[in-house]
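Put together the whole structure using the sequences plus the hints.
Chains as they are written, first to last, in my numbering: chain A, 1 to 414; chain B, 1001 to 1233.
No lab work stands behind these hints, which were simulated from the structure alone. Watch out, some of these pointers could steer you wrong.
What the hints assert, rightly or not - Quick list of the computed label-pair ranges, beta carbon to beta carbon: (1) Val384(A) to Gly1041(B): 56 to 62 Å; (2) Ile297(A) to Gly1041(B): 49 to 55 Å; (3) Lys312(A) to Ser1140(B): 39 to 45 Å.
Since we're looking at a predicted model, the values are computed, not measured. Yeah, the Cβ is synthetic: ideal placement off N, Cα and C, and Gly gets one too.
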Amino acid sequence: MFNVERWQEIFETLRKNKLRTFLTGLSVASGIFILVILLGFSSGIENGVTSEFQQDATNEIFVRTRITTKGYKGLNPGRRIQLKDEDFAMVSNNYDEFLEYRTANYSIWGGQVAYKNETGNYRVQGVLPDNQFIENADIGKGRFINFSDVNDNRKVAVIGNKVSQDLFKAENPIEKYISIFGIPYKVVGVYFDPGGEREESQVFLPLTSARAAFNGGDNIRNMSFTVKMSENFDEAVALSKNVTEAIEADLKEKLIIAPDDTAAIRVNNTLEEAQKIYSLIDTIKAVFWFIGIGTIIAGVVGVGNIMIIIVKERTKEIGIRKALGAIPASIIGMILQEAIFVTMFSGLFGLIAGLAVLEIAGPYVDSPFIKFPQVDFGTAITTVFILVIAGAFAGFLPAYRAAKIKPIVALRDE
Amino acid sequence: MIQIKDLHKSYHMGSNSLHVLKGINFNVKEGELVSIMGSSGSGKSTLLNILGMLDEADEGSYVLDGVPIKNLNEKVAAKYRNEFLGFIFQSFNLINYKSAVDNVALPMFYKGIARKERVEKARHYLEKVGLADWGHHLPSELSGGQKQRVAIARALASEPKVLLADEPTGALDTTTSYEVMDLIQGINDEGKTILVVTHEDDIAHMTKRIVNLKDGIIIDDSPVEQVRAKQYV
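Dropping the structure here:
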């Protein structure tokens, strides 16, 4: 395997057939190239979708209300449904054992936020402390809203990183006062969100003080929960689905909404959506592997074909070698080594070309559902293994044929 | 060196069976230079192929240097060929992309000799056949006579017990043929056993014994007065 002469022979035969070698190599190289690009994009899709999901917790159940569309129990359609604290309390109590985090939110529309001369419009919401986890907010500076803030009606605010950059520039916003519709709030924290700028341009206030300042009474605009995750993803999805349906039924009964009125109250659960998307990603991945492997097979068949021709062309030479004392194994080794070398070399070329394209172009790809396509080290190693195996397959039949050549037939003078 | 007893060989082509060798009995002692003659179809090439372990007999025994040659698998046959035999072919059968030195070194490669020693020995044998300065040339850059000399050097390189030459002068003109025969005679003078298959009378008379084959049997086996090729060169 490692002797110089064998390698010299391989290079010599390849050099003598430059075009043939080039074309054969090209088919394998493009196969691997396509596989790498496809795998890169499947990881890009995964990255993109995952980061879409990461802006909020994936196990979220979100409740919001609108206007009834159906009359029910003597009530007319077109009634606005308003959630109250007691609704939140009911859901929290009824499903306490299944829920991990819970928050009730009160939004202040067109939230004009100002610091000194800087102003901006941001989503302003009164929330409960658990909102931090439901929103997937990472505290960068200071802290999030806590229960004391809520219980004591404190006028404090937690702002997104974008808000901080817009209003405070390089200044440290902690302990500074921002004004919302002219009411001063003390900034106690700045948060980051994997969902990006849009998610970071929000301001959170304690639910109680937000409502007090903006005449909210005990109204709730919407509420969010997360279900407890179990080890098994499928179980978690099932639980999430059941809890979602039960909450919807409870609220419909309590708020007197027709059971088939889908517009008046919406209870969404992200986990089920997530499961669909993840299984979609898996399917896309499988399809990409399939296409890539298929392309490689086409390339390998090409190599095998060429090797068969090579064996045919070298029949006489193989006969001579056998007459001089070459054992079948050494003939097989010779052909196999050449096949593996051609596949490996051109395959690695395709692999490196593919990786280079992803490396150079990848960082510029940042659309909502395809983000930073890349191929990790493990995948690269897997493709290299595929190459070696493919090369061996490509060489096997020709090598077997070569070993079967009878010197007496090969050496017969035509 | 070679003992052959009652050797039979048939070829089957479809429903026809062609009995090529019909009981050959034949011994060769060490140091002999024997020519096997016969018209085409007499079975001389078949006999040589069996002697060269490229083909196997249907019946009869073949003992080479005390080793019975029977039911060999490919691996053992390859090993015996490498150890016992040197081949010289009519069409030279050099590997055309290898230089003369590399061609001569090839049997030693299969013997497992280290590269440096191989090249050294190959040069030595090329010198012996008078091609010391042609070592780095490819076969395509050599004349017919030179190619056959390289082939002879290659046959000698594995230090075989027996040299088998199948029409070694068949593709050469008269002068070159005699040069090659002179070389073969020289090698025989050093004590090497050599079998030459030929259908040319003058070539056969340059050996020491002529075995005449006709229709698969030996019709004549007699020593001859050796004609030295030197006088024609």
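Name the hints, by number, that the structure is in violation of. 3
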